[in-house]
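Please build the complete structure, drawing on both the sequences and the hints.
So the protein sequences, as listed, match chains R and F.
Taken in order, the first sequence gives residues 2 to 249; the numbers are from the working numbering.
Taken in order, the second sequence gives residues 7 to 193; the numbers are from the working numbering.
Any given hint might turn out to be false.
Stated by the list, open to error - Capping the alpha-carbon separation at 16 Å, the derived lysine to aspartate or glutamate pairs in EDC-like fashion look like this: (1) F:32 / F:21; (2) F:189 / F:165; (3) R:179 / R:200; (4) F:32 / R:12; (5) F:178 / F:165; (6) F:178 / R:34; (7) F:131 / F:143; (8) F:36 / R:69; (9) F:178 / R:40; (10) R:216 / R:188; (11) F:36 / R:75; (12) F:189 / F:143; (13) F:36 / F:21; (14) F:189 / R:12; (15) F:131 / F:121; (16) F:178 / R:26.
Simulated from the structure, these hints should not be mistaken for lab results.
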Amino acid sequence: MSPAADATSPEYNALAGEYVLGLLEGQERDAAEHRLEQDSAFATAVERWRRHFAALDATATPITPPADLWSRIEAGIAGLIQPAASAATLRPATAGPGRLAEWWNSLFVWRGAAFAGALATILLAVGLVGALDRAKRQPLMVAVLLTDSNAAAAVVHTFADGRVEMLPLQSIDVPAGKALEIWTLWDRAVGPRSVGLIDRARSTPLRLDNLPLGKDQLFEITLEPATGSPTGRPTGPIIAKGTTSQRL
Amino acid sequence: MATDATQPRQAGEIETALLACAAGDKSALKRIYEVESPRMLGVAQRLLKRRALAEEAVQDAFVLVWRHAARFDPERGAGLTWIYAILRNRSLSILRDEKRTETSDTPIAEETASEEDDPETVMSKLSDATALRACLEMLPPQRRGLVLLAFVQGLTHGEIAGRLKLPLGTVKSWIRRSLLSLKECLG
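Below, the structure is given as structure tokens:
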């Protein structure tokens, strides 16, 4: 659908509506965000839709946040390089158009920070690789399995002789009657395959046997019944996941 | 705007708090958190279905609100709208990222949404006072359902088509036409 150029046309307004509904993807979304920054009529149309649809957000059932959520936010704020206070003094309260788009763009900055965290964990993993090197056991590939909060929970190493092992980096709470099951996915069409089951976070060899093993292959740990997933597919919550990268 | 009937009681308070955040007053952010976080978590939960992801979205949203409070401009829009736009954008990013790397057999989009989140239930919870409700009611139920699935559950055109077994082109044109009718009705 070609973006309507005329700011007063209904099609143009509908495009703003689709953006607010979250229906634009890829290039269309990029174009809408650019327009939001450049075109105040479009920004007004977006704000109107947001205000109307806010009534729908008001219907969400409130959920009491966990006690530690505020401290997690404080920790997130503390990690910022530039305090907001100094930004405030530099910026006039009513700058020109483009702030909405700016904060959006800065999401990427924010995500960049998350990636930097992930990179740090990879470097950490590479450090571990170095330690193993002393024993002449250089892995071919490494996968760092990250939790939802981007904490490194485990690494998976693959070796030239076909061995694959998982090393935990932090303890994982496993409730009674449950176990940690490790999965790998190389092809969505085939689906994930179980390659290990452990009662608690500990180093373990993974049984890949004749399964394919390559770069960007996904490994993940889920919480399953003590005897393993009853369906042969992951059923429980994902504890951590990550994809393999080639060692330099 | 007359239809901003969500929380009239707090009109002004959020804007004041955001300006205080911009000046570096963390207690102002805490005030917003205390008032809004339960509903924000509810909104994120409807989009992301998994509690851990919903919490992550709310956490990120508050950090972003703090970081960008100086860019909030009351002339351009309401404070709550601004905060929820940040939350929704962050939630949708997580949702789309998550779908890309998921190995679980139940992708988030297909994970059973709570019955509370189904379009007609959401409709019934919409305040009578809102123009949106009156205008949605003028649409045929199935078409209004498409709009609600997109906004409330964050489904894409393709996911809606799959879920309702409708051709993709039909879904796109129905949503677009629904938006045109809504715009006409909302004025």
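Hint-by-hint comparison with the structure:
no., hint, verdict
1, F:32 / F:21, "holds (14 Å)"
2, F:189 / F:165, "violated (24 Å)"
3, R:179 / R:200, "holds (7 Å)"
4, F:32 / R:12, "violated (42 Å)"
5, F:178 / F:165, "holds (11 Å)"
6, F:178 / R:34, "violated (20 Å)"
7, F:131 / F:143, "holds (13 Å)"
8, F:36 / R:69, "holds (13 Å)"
9, F:178 / R:40, "violated (25 Å)"
10, R:216 / R:188, "holds (12 Å)"
11, F:36 / R:75, "holds (10 Å)"
12, F:189 / F:143, "holds (13 Å)"
13, F:36 / F:21, "holds (14 Å)"
14, F:189 / R:12, "holds (10 Å)"
15, F:131 / F:121, "holds (12 Å)"
16, F:178 / R:26, "holds (13 Å)"
Against the hints set out earlier in the document, violations occur for numbers 2, 4, 6 and 9.
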